Structures are given as structure tokens and as C-alpha cells.
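Please construct the entire structure, taking both the sequences and the accompanying hints into account.
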Amino acid sequence: MKRRSVLKTMACSLALAFGSGAATSSWAQGQIDPSKPPIKVGILHSLSGTMAISETVLKNVALMQIDAINKEGGILGRKVEAVVVDPASNWPLFAEKARELLSKEKVAAVFGCWTSVSRKSVLPVFEELNGLLFYPVQYEGEEMSRNIFYTGAAPNQQAIPAVEYLMSEEGGGYKRFFLLGTDYVYPRTTNKILRGFLHSKGIADTDIREVYTPFGHSDYQTIVNDIKTFAAGGKAAVVSTINGDSNVPFYKELGNAGIKAIDTPVVAFSVGEEELRGIDTKPLVGHLAAWNYFMSLDNPANTAFKKQWADFAAAQKLPGADKPLTNDPMEATVVGIKMWKAAVEKAGKTDADAVRAAMIGQKVGAPDGFEMEMGSNHHLYKPVMVGEIQPDGQFDIVWHTEKPVRAQPWSPFISGNENKPDEVK
Amino acid sequence: MKINRSFAWIDICRLAVVASLLLLSAIASAATVLSPTEWSSLVSGPYGERKAAIEKLGQADPVIASTVLQSLSQGTLFELPDGNIVIKSDKGYIQPISGRPFPADIQPARQATLNNALRRQVQNALASLSLFSPYTQTRRMAIDNLLSRPDSLSAQQLAKATSTETDPDLKAKLGILGALSIAGDQAAGSAQRLQAVVSLGAVNLSQARTVLNTVIDDEHDKSSELSLAASDALSRMDARGRNSALASNAFTGLSLGSVLVLAALGLAVIYGLIGVINMAHGEFLMLGAYATYLTQRAFQAWLPDWLDYYLIAALPVAFVITAAIGMMIEWLIIRHLYGRPLESLLATFGVSLLMMQTVRLVFGAQNVDVSNPSWMSGSVAPLADWLPTFVVAYNRLYILGFSLVVVFGLYVVLNKTRLGLFIRACTQNRSMAACVGIRTRKVDAYAFALGAGIAGLGGVALSQIGNVGPDLGQVYLIDSFMAVVLGGVGQLIGTVVGAFGLGILSKLGEPLMGAVLVKIVILLLIVAFIQKRPQGLFAQKGRSAAQA
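If you read the sequences in order, they're chains A and B. Be aware that the first sequence starts at 18, since it is given in this note's numbering, and climbs by one per residue. Be aware that the second sequence starts at 844, since it is given in this note's numbering, and climbs by one per residue.
Derived from the structure by calculation, the hints contain no laboratory data. Treat the hints with caution; some may be incorrect.
Stated by the list, open to error - Restricting the straight-line Cα-Cα distance to at most 20 Å, the calculated cross-link-like pairs of lysine to aspartate or glutamate (EDC-like) are:
no., chain 1, residue 1, chain 2, residue 2
1, A, Lys277, B, Asp933
2, A, Lys299, B, Asp1212
3, A, Lys252, B, Asp987
4, B, Lys894, A, Glu89
5, A, Lys252, B, Asp1081
6, A, Lys366, A, Glu187
7, B, Lys899, A, Asp280
Said to hold, decoys possible - Covered stretches of chain A, as calculated for chain B (at least 3 residues, CB under 8 Å):
no., segment
8, 180-188
9, 263-274
No experiment lies behind these values; they were computed from the predicted model shown. Every residue, glycine too, gets a C-beta built ideally from N, C-alpha and C.
Following this line, the structure appears as C-alpha cells:
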């Protein structure tokens, strides 16, 4: 208490000495004004339960970025303070924790969620209490909330370009598609959109096969046999929306059955650097993944990002710090935080409505080497990249868009979306 | 990869002989192989230019072409900052055409990487080049490659290869290639095409199917002889495809059954023989898999030459570790709860959470990497001529055999050893067994350890087909219980039949209704069955069974 009051007095006298205007500008340039209350932000990622594997690292990267902001003088001269909660991979608990963050902790913004079902469960809370959520993971679209900023990809920024690549001469000119996924909302919706897209390209239903497996499925023998039979018809590729863990037995079975990436490639939308960490990558080499960022990108922004993460992981002694990996949702988290900072600075306050208005059109240089812009539909413009898996678990980028693509959260390939507005009112 | 490497080896041999002779002519033609811009686009150009460059390279002098294509496919072709192209070899960087070495300290600016389409093109080009190799093995690989991805071979090359080929097997394969091109060639004579189409009916290639389909599509008269022959050939192919799908499903059913047997046997011992519902059973499987991981790490560190055999060493390691932990848990917790099924169920559930969290703390929440030894990777097509897509993966085959060995071993232990006799005596009538001097408490401990150890062995097998992570056991717990309950509690044969039955049923059902629905249907079937026959398939007979 005593120290704080001393600091306060010092700060006050300083402010008096320089005159209030001068003082504010000097704070903005890189010092935290201890007299001002900190800006609280919530971090809503599962740190236990099944999703902990993917989400823990997002909590860590968010803390890293907040730490970096504070070192550079905070926002508007105020320190940023992270409030970390653990919704434990439990969807109703997500809503409860979100309510706690917004009404009890009074956080200015929340960074969090991974699965679509967790986002759907917190959405009414954010709309009711007028909070701001930054959602960093690629998802199935079909949603646009004034209280959510989506920094991951919509289907037209990942799934559709990836399939387009496979259909191009460069990608191998594939004409028949085996859509394989885990049985939940993201794969089902994505495959519905892809089916519509393939129809629009003149591919008949007989050349599309759609197969789903339960969560945690581990016996892919029958499905791989099925793929083999399907591939015998020629020009066939597999589009996988299999979720995290089940990918290992799937790729193992694929390798053992002698299905080669050079003939029948698998393009995956949920397999990234972190997912390949615990995997024997031999049977995966040459198979594809589509993302908006890969760790193997060679540009100064990415080099800095990778170094920042490696240093932070080593300093915090995080598990896996001996082999620090970055991936797409981590990049999206960092971009979200940077953009929110810029918006708060532009608005001059942390009020949700003011920040929301300031977010639109906000630009941030991102580790993917592009200047990312927030669209009026609350989704980022993102570049799309397709990578082939390398023996070391990294991706060789074989195709990418020339510039960032605007998101289409309401996919034109789902009927009934024609008249939906492409911006948040 | 295998193909590439052997190409490389043979091509290096060829190079050594031929290069000296061709050196002069090679240098003379060097300038004409590719222009400097084409060289540069070979490494870093857009797709179209790279494709054109590879095509042009394929037409060049065979020695130069195969050297450069080879290094492209192995990722050893680099571009220097000054635009020169070099190949990275054992002796440092060399100039691709003259073989002239570069200073060792140069820093290549860019590596030439391929995508799948270009890789396929390079392999095809290499195959065409190796078609006239003096080595039968090289030609065989080239021809096999062309059979799985034809369309890059010219008619003249094919005719030349067929006329010079001496090996009868390879000649037959070239004949198939010829039939493929004749059948699709509208300009060829109709008798010739008919013959080709008929012969394709016996071939198991996706390419043959495509060709036959185009033959039918191109024919205006759908009842023409050619068109009918093509449909007949296709239906012969389809029949073989259906049969192999059936055979594959039957085998996968057996294989899933064997996995369930391994997962459920330990449970059957503990549940059936000492009557404890062991909710921590899945975690013993998980510990067995982690023991495999540790053995692999130990081999990597200390016995790298024997790494391929780490799995065999992992079996005793996993058995001993899990059996010891099982015995400890029995001693600490379970023995105080005998005869109180609800408490022991809750206690073992707690133990299961404890074990999972401990593993998470020690090894991390991420899955760990357990790789297949080379003798367990890959597959064999045992009846390739009749059942073309019926392939048996080695890891599945070994696990099937291993499960039978474990069942047999357990049978021997229970029926032919003194410990087995004691265990059976305690199962049938505990107080009478105690009366005749069996230390029942000790027997319980051994039986629990035996069950845990068998689960450990199951874990070794599971590590070869799926993820190794803290949650591994959760996936198998329910299925194991289903197998045990279905088969009949206390009966090993029941568990074996139950597990194989479940495996085959779900795999035969999967193609009909999908993996999600089949799971639900099987669960409903088991519930209905247990309602009708609570004692399971194989009931225990006698007075002791009536008591229980």
C-alpha cells in the first residue's frame, strides 16, 4: 500500500510538472502509468480435458503477446492484465466462465475458444453483456456476430481453395473426392459447402463420397479399404476433416495400405505443426494441409515471431520448449491481440462499442508476411496456403494466393445464404 | 522412396561406366540441354515453366537427364546466388553436367523442391529413361511405375522396349501397356482393339478401368462387339473388386477382434476371476504403451543398431512394469475392498484418473511418438491376381498372431500351472480353497498382477496401431467391457469369442451403415442380448456360478 501511494504521489507530481497534455503523450510513448488502473483481458482456453492438447499453447502465446505489449508500455499508458480461466473442455462451463469474465472481472476483451461448439455456447453471453470475443481458429462459417471477431479462416479461405488446388493441373488435376471427417458440426458443414462447390464445378455426386467416423475413432482399416476401392476409379483425392488425435491411426493405416501421396493425396484442414509433434511422420510425407500460416514461412516477421515464441517458451520453461513450434491458430491469436491493441489506441478507450467501430479496417503486419486487414464482416482478410508434409514435421509451401482473400462467412454454396448481408450492422 | 534409391544406385553404376565415354559429347551438348533461364525456372520457376523444363530434360541425353532428374527427386538440386545450378553429392557440390566440383564453402540460395504433380512427372521421366536399362531390376521398376501411372510413354518407345525385352514376365507387363494404348486408340484396327479390350478384363489397374470406360463412351453403337467386350471386361473387374472388398472387411474384422481380445483379456482375468470391476484397466493398457515408448527411447539412446527389434524387448518390459504396478495397487487399495463391488469400482475409477494425470505430468499431455519397426510396416497382397485390393498390413497380421499366442499362453498358465490351479480354485469357491491351505490373498494379488501384465502386453500391441497418449485407455475400456460381458463373465473362451464376434460384426456392418451408426446398432444389440441372456454367451456352470 505504502509503495503504491508513494508511486502515485510521484506520478502526480510528474504530471503536474510537465502539464497534463505533455504527460499523456510521454506515457503513450512507452511507459506504463502506474496511477491508471490496468486493462483487464480474459483468456478463455481449455487447460484440462480433451482440448487441452490444442488450447494450452494458445493461452501461452496470448500471455506472451500481452507480456510484449506491457514491455512496450502497455496500451494508452495502462498495463494489460490477463485473467486466465479454465473452462476444462466443458461446453456449458465455457458460457459460465465467459459470464464471470465479463460481469465479475469486467474484462475489455476475451481471447479464446477453439471448437465451434464452445464458441456457440459463449456467443449468447457475449451478445447479452456486449463483450468482445476474438476467435482464432479456422471454422465452418455460417455465423457473424457483432460481438465476435474471427481471426481464423472461413471455408472460402481454407477448404475451397485447397480443393481448387487439387483440381488444378498443378495440384494433380483430381476429379473425384473422398470427403472424410469426424462426426460433428465443423466437418459436416464444411463438406456440405464443398459438395456445393464441387457441383458448381461440374462434379457429379457419384464422384463424391462422404464418410464420417465417431470422435476418437482409431480403427481406419475399413475406411482405408474404401478409399482404395474409390481410388481404383482413378483421379481421386481425399479431403480430410478428421479431428486431431484420430489422424495418427488414419495416416498409419494409409501408409500400410500402400496409398501414396503422389497418386492419392490427402489434404487435411486440422493437421498442423503441433498435431504432427507426436507422430511418426514417415507415412505422411507428401500429403497436404491447407492453412493461412505455416511455421516454415521465410520472412522477417515470421522469424521474429518464432524467436519471440522460442524465447518466451524457454523463459517460462513450457513443456516442449526444447522444440518450440508455431502454428496457424497461434498466429491468429497474436494477430487478434495486436489488432485489438491498435483499435483501443485508435478509439482512445476500451469501451466495446468504440473498439468495435475502430476494429473495422484495422491493419496489422502478420507473421504470414502479409498486411492483414479486418473486414466489415468481422473476419480477417487472409492469404491461403497449401503445404506438403516434410519428414521433419514441417510443411513445404507448394501453393499460395497472391494476396489476402476476403472471408465469406455465409457461403454461397449453401442455399438460403444469398440474401444475407456481408457486413456486421 | 525405395524406387528412387535403387534407381540412384544403379544409375551411379551406369554413370561410372558411361560417363567417361560420354564426357566429351556430354560437355558438347551441355549448353543445349537447357537454357540458363530454363535451368533457373527448373529450380524456382512457376509450375508451368518447371513442368516444361522437366519435359525438355527428359528428352536430353539419358545420362545427364537421369542424373539431374534423380537429384531433383531426392532434393539435392540447388541454385546458387549467382544463378548456377549445383547438385549436392557425397563429395560436395558439383556441376550437374560436367561433374566439375564447386568450392566446398558455397552457400546455395535455394533448394529445388517438387510438389506431387511434378514428382510424378519426374518419376515417369526417370522410368521412361530406365526402360532400356541393361539391368532387369531397373526395367522392372520402370515398367511397374509406368503401369501405375502410364500416359507418358510414346508408342515408339513402347514398341522398341517390347521388341528388345527378354524377360518373359516383363514382356507380359509391356503387353499390358501395349493393350492399354491400343484399346484407347481409335485409329487402331478393330480386331486388334477387341483383342486388347478382352485382355484388359484380366488386368487389375485403375488405368485399365479408365481406358475401358472411354472405349464405351466413344463407341456410338452401344451394342457393338467392342462396346460389349469392354462392358464385359469391366464387370469382370468389378466382380474381383467386390470379392476383395469382402475379403478385406472380413480380415479387418478379425484384426479388430484381435485388438479387442488383447484389450479385454486382462479385464476378463481380473473381473472374471476375482470379481473386481477394474475401471483402471484402460490405464494399464496405456502404461504398456508408454513402456513400449520408453523401450524405444532406450534403444535409440544405447542400442541404435538393434532399434528394429525394440518391440520384442518391449514385451517383457511392459509385462513386468504393469504387473508390478498392478500388484502394488492391489496391495494398497483393492485388497481392502474385496466383496464390496461398488467401492472397488469407485476406487479403481479414482486410480484411473490418478494414473492418467501422473502420466500427463511426467510425459506431457501431448501424444508421444512410437514408430513401427520396419518389419511391421507395409503390407502384402496375398492373392493379388484374384483379389487385387485385398491387402494385409503386416502390423495387423502380427497383432492377430500375437493375440492368439497370448490367449494360448494364458490358457496354459490357468490350466497347466500350480498358480492357475489356485486361481481357479479361488474363483470357484474361495472359502473352500482357503480351507485346504491356499493363501487366497496372495493368489488374488498374483491374479491381479497377471491381469494387469496382460493388459500391458495389449498396450504394446495398441502402440503399433494408434496414438500413445494419456487418454489411450479410455477408448478401449468400454469395448473391453462389452466383449467380456457379451462372452460371459469368468470364461476366457467367452471373452475371445465375444471380442472376435464384436470385431467382425462391426467391420462387416461398417460399409453398410457407416462407423457411427454401426457403433450404436451394436450397443443396442448387446443390450438386447444381455436382457435375454444375462450370463453371456458362455455361462459358468455349477454351484459357484449360481452363488454369484
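Against the structure, the hints:
no., hint, result
1, A/Lys277 <-> B/Asp933, "violated, 29 Å"
2, A/Lys299 <-> B/Asp1212, "holds, 12 Å"
3, A/Lys252 <-> B/Asp987, "holds, 18 Å"
4, B/Lys894 <-> A/Glu89, "violated, 49 Å"
5, A/Lys252 <-> B/Asp1081, "holds, 18 Å"
6, A/Lys366 <-> A/Glu187, "violated, 49 Å"
7, B/Lys899 <-> A/Asp280, "violated, 23 Å"
8, 180-188, "holds (count 3)"
9, 263-274, "holds (count 7)"
In this structure, the hints that do not hold are numbers 1, 4, 6 and 7, in rising order.
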